[in-house]
Structures are given as structure tokens and as C-alpha cells.
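Peer 1: The primary structure of each chain is shown beneath.
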Amino acid sequence: MKCPYCNNNLNIEDKYCPYCGKENKFAKEHQESMEHYEADYTATKQDVIAETKRFQTKTIRITILAVMAAIAAAFLILALSADDLSYSRREKAVLAKATQHKAAINALMEERDYLAVDEYMDANHISYSDGFDEYYAVEQASSYYSYFYGNILQILSRRLDDQEKTYYASEEELLTEIGKDISKINEACDLGEWYEEKGCYTPEKTAYLEDLQNQVAVLVSAYLNVPLEDAGNISAMSEARIIVLLEENYNGEKED
Amino acid sequence: MAKKKINFNWFTVAVAVLAVLIAIFAIVAFSKIFSGYSEYTNGPDTILNAVKRHDYDSAVGSALHDRALGKDGEDYKVPYAAVDYLNAEILYVAYEAADDNARAADCKAKMDTARKDMGEVAKTIATEIDAMLSE
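So the protein sequences, as listed, match chains A and B. So for the first sequence, the working numbering puts the first residue at -1; every next one is plus one. So for the second sequence, the working numbering puts the first residue at 507; every next one is plus one.
Any given hint might turn out to be false.
Said to hold, decoys possible - A few chain B residues facing chain A, derived, Cβ under 8 Å:
1. Thr518
2. Ala522
3. Leu524
4. Leu527
5. Val534
6. Tyr546
7. Gly549
8. Leu575
9. Gly579
10. Val599
11. Tyr601
12. Ala603
13. Gly625
14. Val627
15. Ala628
16. Met638
FYI, nobody ran anything at the bench for these hints, they're computed from the structure. Source: prediction; values computed, not measured. All C-beta atoms in this analysis are idealised placements derived from N, C-alpha and C, irrespective of residue type, glycine included.
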């Protein structure tokens, strides 16, 4: 730039003209501008650094929360699938001992221990295993026999004086349940062609089922006052007919 | 300064909540997957007490369950024998009424065997079962 007084060359930073010695008022303004600019720059720089730090902290926190949320979601899905996984694991263990289990079941069937067959299959988680399809009819019949027998025990136990407060089902309800149990047993003994093809009705199993039905008839006759002949035909009756038969005879109201 | 404190708290709460959820879901998941079989047993006292209070359905069910899981031994001798006696006599009376002598005889034999193992409670239990079965 030029000095306004002597017109010689002058630098903007020179406070005084080196030629005429006059004060350079532009230098002062320039100095003030530079100082202002520097202050702005420093402030802006600090703001940017602070903002970046805040952003980084926020990002890190959000990332941590997102990862934790993903882990929580993964465990939630695992918890929801746990039953299936547990079933698979259990099924594998049951099938690993299939030969042993079948031998045990066959032995109990030979002894005609219907209750034990049901309990064995239940306690060892065999009832719903895919590897034991051939025992499905036996399992179903034995299971409903257990319910039937338990209800018979309840009917018998009520004959002892202190039983009123123990049982919640009335005699009528028990008879209805017994009727349903017998009907289910009958169903299990004749499930159809598909089950026959699966081996559910081999001669041994058929003999077991027939003996089971015979024992049901004998118990019904002995303890529910149904004439033996009628009890013997119970395997061919409908559920409703069975219930009526039980109610008529147990209460002693049979029609002539 | 006050603003910074609030920011810190929301993050801490969120982390705590997520950590608790992760723990809960993990515990539920692994306990279900590795829950193993239902290995509970009723025990000889449970069975015998059920017989003594005439809760025969419960007694039979409990004995069957423990037996199916292979529970045995001296402690189980009397409870199992009591339940065996009960079941044998129920069937004996029924088969006798149906004139099925062969099966009735089988049941009688089982009753005699069971009675020997019932020990001191034999008389009491047998008497009560007889009373129950005679109308």
C-alpha cells in the first residue's frame, strides 16, 4: 500500500511510515481485525473440537446401546425357541436309548402292568417321541387306563368316612370322567389303518389292548355295579351310552 | 454442568435396563434348553402318608412315578408294598366277582407277597383297604 502522506510504499503491518514517520492508521485497523479474526478462529476451533467430542461420545454410547439391544434381542429369540431346542435335545437323548426303552416297555406289557407302562413312557418322555410310533396305541390306551383307574380309586376312597374334604369332584363328575376315559381307551384300540401300518396292532400289542379292555370291564362291573354282561360290551359303546350306563347302575336307577 | 449430569443418567439407566433384560432372557433360555428331564421324585414318605390318609389315587401315582425313575431301596419297601397290596386287592376282588379264577389267583399271590413287605403298617392298611372294598 501507499503512505497517504508521502505516497511511498508502505506495509500494512508498519505502524509508522519508514519515510515520513507519520502514523499508519490502517495498521491499527489491520491489527485489530487480525486479533478479532484470531479470536473467532480459536473460539470456532474449540467449538468444533468440543462438538466432535460430544458427537464421538454420543456415537459410542449409541453403539453400546445398539449392541446390547441386539444381544438382548438374540437372547429373547433364543428364549422363545428354547422349548423347541429343549425338545430336540430331549428327543435325541430318548432315541439314543430307544432299544433299552422298548425292551422295558415290552417287559411291562408282558406283565400286563398297564399303569407302569403309562408311567414309564411318561417319566422317560417317550409318549411324544417320533421313534416310538408303534407304541402309540399302547401308550394312549395305557394313559387313559391310568386316568380311569385313578377315578375308580377316588370313587372307592370316598367310601371311607374322612374323604369328603379331600376330593373336589362329585360322584357324578367322576362317573362322567370314567365314561370319557373308557371311550378314549376304546378309540385307542382301533385307531385305523395308518396306525396298523405303523405296527401299533401286532398280535402282542392287540392281546395287551384286549386284556386291558377286559380289565376295565371287570373293574366297572365290580365297583360301579354294572352287570358283567353289559360291562363286557362296553368296548363297543359310544361315550354317551357308557356314561348313561354308569350313572344308571352306580346310582341304582337302572330302567327295566 | 446440570445438563451433563442428565445426559450421563439416561445412558446409565438404558445400560442397566438392557443388562437386566439380557440377564433375564439368557437365564430363561439356558434354563429351558438345559432343564433336563423332570427328575423330581416323590419320596417314600410322601407315598406312605398318602396311603395312610386314604389318598390312594395320589399314593399310586407317586409310587408309579418313583418306580419308573428307578427309585428303590429299603426306604421304599413299605410304601411300594402298600401300593402293590392296594392294587392287587382291587383287582383280586374284581376278578373274583367276575369268576376269573386264574387272574384272581395271580392277584392273591401278589397280595401275599406285598403283605410280607409291608411290615408294621400291614394290618392297619390292609384293614382299611378291605373296608374300602366292601361296600
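Peer 1: Please list, smallest to largest, the hint numbers that this structure does not respect.
Peer 2: Going through the list in order, the structure violates hints 1, 2, 6, 7, 9, 13, 14, 15 and respects the others.
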